[in-house]
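Residue strings, one per chain:
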Amino acid sequence: MIMNLNFSRRQFLKVSGLAIAGISALSSLGVTYGMAEVIIITEQAEGLVIGDPTKCVGCRRCELACTEFNDGKASSTISRIKINRNLQLGYLGLYTGKCDEGKWGIGLIIQDICKQCPHPVPCADACPNDAIVIKPPINARVVDSDKCTGCKMCQRSCPWDMISFDSDTNKATKCFLCDGKPKCVEACPAEALKYVRWRDLSRSVPTRISPTSVISQEKIQACMGCHK
Amino acid sequence: MAKHGGWAGKVLRVDLSTGKISTENTIEKYKDFIGGTGIGYKVIWDEVPSATKPFSPENKIIFGTGPLAGTGAPCNGKTAITTLWPTCWPKPLVASGHMGGHFAAELKYAGYDAIIIEGKSEHPVWLSIEDARVELNDARRLWGLGIRRTTYEINLQMGHEASVAAIGQAGENLVPMSVIINSVSHSAGGGAVMGSKNLKAIGVRGTGSVYISGKKEEWEKAIKFHLSLLGANNQHVVPSSPQPWAEYYSPGSRWISSKGRNWEASRPPIETGSCDPHNLNRIAYRSNNAVFFLGNDAWKYTVRGNGCTGCPIRCHTILRVPSVYSKYAIPEIGQNTCGGLNFGRAFFKTFPDGPKSQTSIEACMVGMHFADDLGIWNNYGLLQRDFQKLYYDGILKTKIDEKEYKSYSWDKFEKGDPGFLFELLPRIARKDGELATALGMGTGYMLERWGISEEDWKKDPALQYWKMGHPRHHSNEDSGQIGVIINTQYNRDAQCHSHTNFIRNGLPIEVQKRLASELWGSPDAVDATLAYTPMNIYKAKMAKWSLLRKELHDALALCNWMGPISASPLKERGYRGDDSIESLLYTLATGDKKSCQELDHVAERILLLHRAITIRDMGTKEMRTMHDTIPDWVFEDIKDKSPFSKGTNRMDKEDMRIAMDMYYEEMGWDKKTGAPTLETYRKFDLGDVAEKLKQKGLLP
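Residue numbers (our numbering), protein chains in the order written: chain A, 1 to 228; chain B, 1 to 700.
Looking at chain B on its own, in the form it has when it is part of the complex:
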């Protein structure tokens, strides 16, 4: 039994070049970084030298879970996948993706907190992990198969319970825009990194346990308390329509259950009902992301909600659309959420029967069918926006030859015929032709290949392109300057939901301001959406808090799409959430007593290490000008409304300069360069990291 609860206690290391399989002690080596991305960044810093290419055998890919994975802590299904990100442009840098599903729990039950994959196999292999029995198996017979078939074949060998994370043809063919998928629809980037290592899949089956250090009665109490504070998906805490129990409602909320709204494709149909927040046995009915994104027609096709281990929210919706079987000969059942759900639909500008129509839902089904089997990434929707721009601006025609151009049925595309996806998506996975190859490279490399300036992309607000080949992910449209700061910090799209979950929780701005003053010291930390005020120090504090909680969640294996619990649906609590819920769960699970502030300290260490790796690999300390950049469209408005006027997301350049100053100050980073100072590194026990950066002249 491990000394600590929570952690499984071991990290698995697999060298594909030599076939050597070994383990390390999690607590001894990685406790200061908790788990998840923390372990990922630590391995990249220590072991992957600067200038390593993503597809070189020297790159490593780390599947990291954390101490709360596999436990009953709500929303704990995440496996963080950290590697050198192949779509990061102009130079691949460290980044991570976060895969939900059941892989994390199974890995923990097998006895591992993380897997470090290194080297490159001579021929395709897949890794099987059955508790202590870890083997590399020949995958030549699996190579070329989609994710669905691969999973099935591996389950045939490992049994029903095994969870399989596999790549599809896109990953095999080293398409940078590729993903790894487990449990049907739970994906994270890095598919091509696995492909470059000739690793087709990891199957894991664990029969062990994750121990809870605290008393089981206390753990039960903590879990029930946490559950009582949950809202719907993205921690929206008010319903989208008036409900008998609710003081407020907000049409933008993802809490869309109501009397008369049914999972109609279930046999028999199941009513979602009013879902009083005090009834913890109805949490799973609150959200239906298919309906949230596709409109009320999607109720007709809803079989049920689905999702990760231990999560009552169920943000992946299972849909049954019989017409796609007859029209396109694909399975009538599909499931996903958000970007994955909209994968196919988002390619089209219009549909014959309207934007939230039967055809648009069919396009979703076709898109999911291909993307989640071939393993293609959508770069948070930028792939589809790029495609539309390239076509409608006439760029595409000039970049590919006539023969190839004619090989696509553009009339189908213009009409909004989902059948068009049959032509496009498999070709992306195969790198078949110039268009498919360029799209699969990711935006930055595609622009470079075609001689298009990145500035052109930065100017177009419709693209929502941010920097380094990736789009915005909850930026100025979600809490103004705070969203902008967050979007400057990563080497891919930001994926931080701490801020947007609060700002979009549906509570009136007065209540949000009251909660904000308790959380970040002043009601001025938040503005009403589309009514922004100039920057202040409390916004900087909220930005920092948002980033730290994202890193903390990625390390603990909690879902940042749900946390932090900064508000709750409970009127009797004044809609307060609980800012220290992570510390309560961490302390009880692991037995390592850490306050909320102490955990934030660890999260800051992790974020700092991410910054250090980025500085080292970019080879410059000039982060403020070279890395933390903001695209022009943030400072523009279609109707030319001035910044801070009502109804605009437009930010002001000078104000954002002040905002970055305040943020760097909060972080203890040098304002001129945006690089962390020696003192800051030392404060977080990263003195050795600072020394190495100093030798290279990368300290401010």
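Okay, chain A solo, but in the shape it has when bound:
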């Protein structure tokens, strides 16, 4: 699905994890293509974890906290934050022949973190069982393990390869922001991870000058057509 990034979320129907209405957002715009109604998720998670690669010291305590404190076992494979795969040879090093990151390169370690996609949500969109749902109040997408059948379609759909698969439970798993207190952030000994809440900054951008130009009455009238 190709979506215009400027597409306003108000044009979609808000869909919550508790009440996934079977009404397509597209149908609300009068575009149905004659297909069955589909669910379009457009909810933003409360925030996301961001990493500062210059501070990452490669200890993987974030991976361990993610899995031990949530799953009761230590594993970098099911960790929802990914350090190990970029640790030695960097993000692209091995396959491009440019070992310029990681321990064997310049030392920089890129933390791979779930982007909490607001829309589209490739993992949720790909799930044939609609098992990737919004969990309030943080509204992160989580895998509903009752619905997950372990088909791994979500894993194949995430462009950033951020879905993990737990072979013990035969279920997919993804970052759910630990319900607002991410364990990985708490565990980092180098302050390289932060949990950042989304906030509307559009009104806090300071103006550079105080406008003094005078706008003609005719033009103002024209503006008023929309901005009532």
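The reader is advised that the hints may include incorrect statements.
Said to hold, decoys possible - Taking lysine-lysine pairs in the DSS-like style, the calculated list, with each CA pair at most 30 Å apart, reads:
# : chain 1 : residue 1 : chain 2 : residue 2
1 : B       : 221       : A       : 135
2 : A       : 171       : B       : 221
3 : B       : 513       : B       : 671
What the hints assert, rightly or not - A short list of chain B residues far from chain A (calculated; beta carbon distances all over 10 Å):
#  : residue
4  : 20
5  : 241
6  : 251
7  : 352
8  : 392
9  : 424
10 : 583
11 : 670
12 : 683
Bear in mind the hints are in silico, worked out from the structure with no lab data behind them. Heads up, the beta-carbon is just placed ideally off N, CA and C, and yes, glycines get one too.
Using the hints, position chain B against chain A.
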């Protein structure tokens, strides 16, 4: 799922002679020895007969992790490598090296607690372990490559996540002074043993998990508690300079972060800051071992701290020194700690611009570049001290022919030009020429080859030579008699940090004495450095505790360079650490409830087995006189200060005799011979071991 948490549950056994790959149940066979060196010693005792040579196919090399490897227990990155140690002189005996990095965690995730390598392959091979898929692969195309290239080639085949432990040219060429390295800079000895088996590398990739038996909430609480007690590297618990939060400071501390001190080679620079101990999100900024060893100039080159899995301390420092790229055409990035960091620098007596200068840092970079790629061991700095003595005492000139002598640029060496290392280090790895061959054999064998008496080496305090081809490693300069006792016990340098971590933690002696009385029963267990008092029973208790905790850490896969947690940076705790932290973590991880004393009991079993193997392979019970020896320089002082006077590390011979008596008594060993008694073996369920020794007349 394994019955116990912590352990992966299986030990991998690879016979290179037949290509047979099999597994054993860790719990059934090795639980009484926990893991790590415990498994290593057990295999050597059971399966490697006396008089086996290190490079013979009958020798085995064991890569042992433990139940805490791969978990979130702080500082758990160790893989203990146990084998017959090729530099142990005059007869190779059992010893172990401890490799950090990410190999241990990956091995656990693949489902194995240890790997036992036996036999010898017909041609070079490398071992790939991808969970249950274990294969021997042709390594003929890798043979001759350095560790860096080998790792890269194996990662190309196994993927980004694989951890690779490889040997370089030194190991291939059976240079006894060689190492195995994973994750760039994490090394342990035994490179030539792998080389002798035609095993170039082990690549491991694990997608599984290590299970925690206890409730995850309790585990989280325990981990956070442990983290709260951590100091800086070597568990130094006070900062090196005054800090707003700190009651004390000590210039010798490795806790060197401060406002205004930055990782300057990072883009952008990162400030280390004041690092209040209550802020667990800043532990990684506390230590910078490059600065600790090379001085404040090293801040300029610091990219960041690096280290092992699960360790917030980051004792390996990544340095970026652009000048070495233009001057020597080597990568401008390098990393290591302590001996590895100082590998190149330590060869030189002087540098044109001073001991902690730009040139000395360049020498470090050149040294790391070669040593960690060729895979050369420094024998805790003795290689470099030997080299200086041989040259400056004029011995070297008499031992090698003129043509070879002239093939080295001695003017470069004398001037302190790091370019000299380009001539020396690759030749050591290739056994190229008499000098390089002799240096690569290790001190004991080098002296023998050149007809130099070991006594000459024992006399020179500058060499810090201890015995059996190896140097002191935190001996009398770190807690007097306790350090001396510890240095008598192993078949290589002692590598025990339990005592030095306490004595050098930076707390004032009054506080240390208060903590000591809680830990070992009396404040008299510790003395202020350079103000030693005569031996007492509490020092013997501390020596025993130090050794047991070292063995325990090596078995659990914790780092003895950081533990035990005998003190903490927390004023509100009266700077107390927690002596039972190992038992808390072990019990929660494995589900096998063991108190601190019960774990120490297992550690003592492991140490006892090490002693038994040593006695068996030396073929004598006279350990006190034949093994537990102390070099003369311990009993001397350059300014001839008398023992126990202020300002000297000098020990007294009679007092050390009493010290050894007390130590043997604490251990339940015979005082006359220093050999464990039958009762002691039985107490630790090693009755069968005692029986075998008895048959050979090796019980006291």
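Verification of the supplied hints:
With a CA separation close to 26 Å, the supplied pair residue 221 (chain B) and residue 135 (chain A) stays within the 30 Å bound. This hinted pair checks out: residue 171 (chain A) and residue 221 (chain B) have alpha carbons roughly 27 Å apart, not beyond 30 Å. Only pairs whose Cα atoms come within 30 Å are accepted, and residue 513 (chain B) paired with residue 671 (chain B) is accepted, the gap being roughly 29 Å. Under the 10 Å C-beta cut-off, the non-interface status given to residue 20 (chain B) relative to chain A holds; the minimum distance is some 28 Å.
Non-interface call for residue 241 (chain B) relative to chain A: holds, since the shortest CB-CB distance, roughly 21 Å, exceeds 10 Å. For residue 251 (chain B), the non-interface assignment is confirmed: its Cβ lies about 24 Å from the closest Cβ of chain A, beyond the 10 Å cut-off. Residue 352 (chain B), annotated as away from the interface, keeps every beta carbon of chain A farther than 10 Å; the closest lies near 29 Å. A cut-off of 10 Å between C-beta atoms confirms that residue 392 (chain B) is not in contact with chain A; the least separation is 37 Å.
Residue 424 (chain B), annotated as away from the interface, keeps every beta carbon of chain A farther than 10 Å; the closest lies near 25 Å. Every beta carbon of chain A lies more than 10 Å from that of residue 583 (chain B), the smallest distance being close to 19 Å; the non-interface claim holds. At roughly 44 Å, the least C-beta separation between residue 670 (chain B) and chain A is larger than 10 Å, which holds for a residue marked as non-interface. No beta-carbon of chain A is positioned within 10 Å of the beta-carbon of residue 683 (chain B); the least distance is around 35 Å.
The earlier numbered hints are all upheld by this structure, with none contradicted.
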